[in-house]
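From first to last, the protein sequence lines stand for chains S and V.
Quick note on numbering: the numbering used here labels position 214 of the first sequence as 209, and the sequence is numbered without any gaps.
Quick note on numbering: the numbering used here labels position 100 of the second sequence as 95, and the sequence is numbered without any gaps.
Chain copies aren't distinguished; within one or between two, either way the pair holds.
Below, simulated DSS-like cross-link-like pairs (lysine-lysine); rule was C-alpha separation at most 27 Å, straight line:
1) K274 x K92
2) K573 x K490
3) K478 x K573
4) K141 x K268
Please keep in mind that the hints were generated in silico from the structure rather than gathered at the bench.
Just so we're clear, the structure is a prediction, and the values are computed from it rather than from any experiment.
Number of protein chains: 2
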Amino acid sequence: MTYKAPLRDFQFILEDVLDIDRYANLPGFADASSDLVRQILEEAGRFSEEVLAPLNKVGDLEGCQLAADGSVKTPTGWKEAYRQLVDAGWPSLSCDKAYGGQGMPSVVTTCYGQMTAGANAAWSMYPGLTHAAYAGLHAGGTEEQKQLYLPKLVSGQWTGTMNLTEPQCGTDLGLIRTKAVPQPDGSYRITGQKIWISSGEHEFAENIIHLVLARIEGAPAGVKGISLFVVPKFLPEADGTPGERNHVTCAGLEHKMGIHGNATCVMAYDDAKGWLVGKENEGLKVMFVTMNEARLGTGLQGLSIATAAYQAAVDFAKERLQGRSLTGPKNPSGPADPIIVHPDVRRMLMDSKALIEGGRAFLLWTALHGDLEASPDEAVATKAKDYMALLTPVVKAYLTDRAFHVTSLAMQVHGGSGFTEHFPASQHLRDCRITMIYEGANGIQALDLVGRKLGANGGRAIMAFFGEIDSYVAGKGSDADLKPFTDALAAAKAKLQDATLWLMQNGLQNPDNAGAASTDYLHLMGLTCLSYMWAMMAEAAFRKGPDSDPFLATKIATGRYFLARILPEADAHLAKLKTGAAPLMALPADAF
Amino acid sequence: MTYKAPLRDFQFILEDVLDIDRYANLPGFADASSDLVRQILEEAGRFSEEVLAPLNKVGDLEGCQLAADGSVKTPTGWKEAYRQLVDAGWPSLSCDKAYGGQGMPSVVTTCYGQMTAGANAAWSMYPGLTHAAYAGLHAGGTEEQKQLYLPKLVSGQWTGTMNLTEPQCGTDLGLIRTKAVPQPDGSYRITGQKIWISSGEHEFAENIIHLVLARIEGAPAGVKGISLFVVPKFLPEADGTPGERNHVTCAGLEHKMGIHGNATCVMAYDDAKGWLVGKENEGLKVMFVTMNEARLGTGLQGLSIATAAYQAAVDFAKERLQGRSLTGPKNPSGPADPIIVHPDVRRMLMDSKALIEGGRAFLLWTALHGDLEASPDEAVATKAKDYMALLTPVVKAYLTDRAFHVTSLAMQVHGGSGFTEHFPASQHLRDCRITMIYEGANGIQALDLVGRKLGANGGRAIMAFFGEIDSYVAGKGSDADLKPFTDALAAAKAKLQDATLWLMQNGLQNPDNAGAASTDYLHLMGLTCLSYMWAMMAEAAFRKGPDSDPFLATKIATGRYFLARILPEADAHLAKLKTGAAPLMALPADAF
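So here's chain S without its partners, still in its complex pose (with noise of 0.2 Å):
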């Protein structure tokens, strides 16, 4: 029932198919060779299985505990566990060099981070968030706020907090309350409440770094007047130690369905001293580099739960015995056969494997294109620029509203033995819930792609990607083991464009239309990008040769059951959406 770390689908992604070593000229790759990946891999794998997996279980019974003093007790062995992961230096691994960095690509701390969030995703949240306030001050902070906290966070010395949410405030941050008032000596004082906020108190580190979204006074109502603030738990003395405590506390801990070993946190700032982040009232323009992050670390944490729900499902069809195969007993000498000759077992764990594995492929794809934005080649910055624009609600919304899926199927193959806490389903399936949530809602990442990515740059981006799609296909069309995969992705990427005219010519005129439509393209989209995974994937499986590699037939005959038996559904979503805003928008809101 242990996690077991997805090294050689890394590796096959990694130098198969996205074949890595040829970006030696970008930022990080140079330090990245496919044997060095490996090797970190490897290690990153090992701790993974080996330290954090045995603590999932535990963090989800025990919780979290807040005391009287405020402060908060994560569950036993977290603290050591997370000392274990910052004296192996593995916060630092995609960090800024110039601040203590190690550069890694993207595309490559993007597998570590799999294998962290898929062995413990509550746990893993913690050095998580510290990395997305790293991010937002390495975005917004002064090069003297950037000296001060950019190397604790990169050693994971201090830790980090995002706080945007308050009680009247989730999506629409425009009705942010929390307030900022000058001070003489530059600096804020903050007073307001935020609520869900990961990480927010704990003991693993001697200080906590909240990014605090906040409406300095007098500033403009709605969005345009949002400041960001960083407002350290304990003041930072002049040689950079944590000094005096400063005002803002945990007030309470969320009761909620899963990621229970983390501290989702009520935080009171009353008059809690803080410093500008960015300009004034240009507080979301920072939030957003790190809201995009972690969008892409929310579609990572729901994918790499969604694989951990899986290889439990695997392990449990394999032992569990009970029936005979239809076609006659394949464990004859036992009192029944392993589940897993069943066709529905089969179909679940299938349906389980094709999209974690096109999932996965995807989410490597979209790092490599954010990795790509800093190519010295202008259009091929430009366009891992759009594409990472576009691709983000995809992977974001897609990728966590399957693994939700997955882990349901996969609760489904335990059978009764699911529903108990016994075995890890529940836990995974609680655990996965909230990334559907968190980090914009996943209709909200709908609406993003069709209301502000799609007609971006006059639709530069999903062009681009047409465009790519057309090529590639073409650029194959004499190969009959990968025509089945290239004729099903130029039927997607019809589909996909058939929709995304319709788009424009109706959701223009009626905004409903594209709000309508909005949740079915980006399933659909999902759809096709995984089609594209799934050529390359059998494009380099058949390069390599299937026949003398198991691993790699096993490829070609998930890609093969992509296209037979989820492939499918994208008729549905472009008939659906075909249908406009009428049929949803016809009751008035008393109807309900």
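Let chain S serve as the given structure and place chain V on it in line with the hints.
Using the frame of chain S, we list chain V on its own:
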């Protein structure tokens, strides 16, 4: 956030769609005029809303506690609510008048059951399992056994349980090991361990009557050697009062993801005294009577929890202010619009509403066929029996699959709030998930449908179903209002027929083809059934005049939504199932 009994919808389906008054010639219906039924359901609705719903959350929070003496403490207030249920005579509603029941038709008691399950699913399983034990003894007991046990189970003075599962044996009942040793006095001594026994031990009632599957010493191996026994917790004295304590004890409680308030027990039988129910080695025959009823009850339970989840989501969507409508502010004087203005929130609510109301009609229409089994018209009775066999797996699996989907949508509507235990979405989702698993996991239902029910009597049931739809559609041909509904129904039926033909041609030559198609086939059938229900509901609404009654106008709009936004899934199911077993079974087990 409190549960609201869907009385108007019951009334619409019973009176306007099914027109139950026309069945006054059938047993029970003479006492079930629509006027009286309204009164009964109103009263039950009040009980569910006022007594049961307020106890739902406490059950989730407290769960059940096993004491050192083997007694089980249920959540605060639950025993008292059960006392009120018994005092009001509700347990007898659907029971045989010969044993103190009220003999109401299933189509009516199926409404009653939805309210208790919707208000408090885990609580409703105590009377629910009692009714299952009643049904088993009623179907298989001797007259002496019936006289001894049934009146007490009918009144609710005693409760009951079903004991099938053992650690090594869930779906595959042939693996049962619990043994029964015949005694000179005609009784048996039962020894073994049963797991996942809902309502197995508690303090609600003075006695608990366990129905237990066991193997009489020397019985044939496998399912042909299973017998059914009645094993009371306290052995009844000659006068029917509980006497000596029997050797059956609760040895443990499962820790589960949901339905915490129901005691899911490990039951230890240690030379417990029991009596055979029905014939030796024919225990499954009796058990299947009960199981079919329990399967319908599980579909009901899923639908009912989904109803409660949907209601909570609607309340939240009307109250939560966040963002502005894409077509301009709808609540200009407030800080933001209620989120029900957003199309993607509408999508989630309309999906839920269309599935729930279609599912409710399907459940009641099926229950009516249960009543029609007693028709004096042999053709009607035969068709009703055929339908019950055919539709039971669809009611169980389709309704629970979609119910879980609805609870997940309801959580999504809540955003982050939904993931906290402060709102009811988490409990609804967690409670609902078990309905896809117990009483035969949904994959087993699908296999039962394609492997057993479709082919029975030369396909008589499914042919009758197709014929009924054909003549329904033909009979409405000229009705312009109804045409979109009948066209859609005809198209759905054609796809189901196509799938059925494919199964006939491919399932026999390779049973794995049938297994591989089973879940998609079941869903295609569920969609077809709901299309039929929506056509009949639209017909009734048009007939009664939607212009004068917003309820009827809403019904028609919801039906149109079903056609536009849910029914397109039928094509995907058809396409998937026609790909056959090959893509599913391609991999060796060790490739997972």
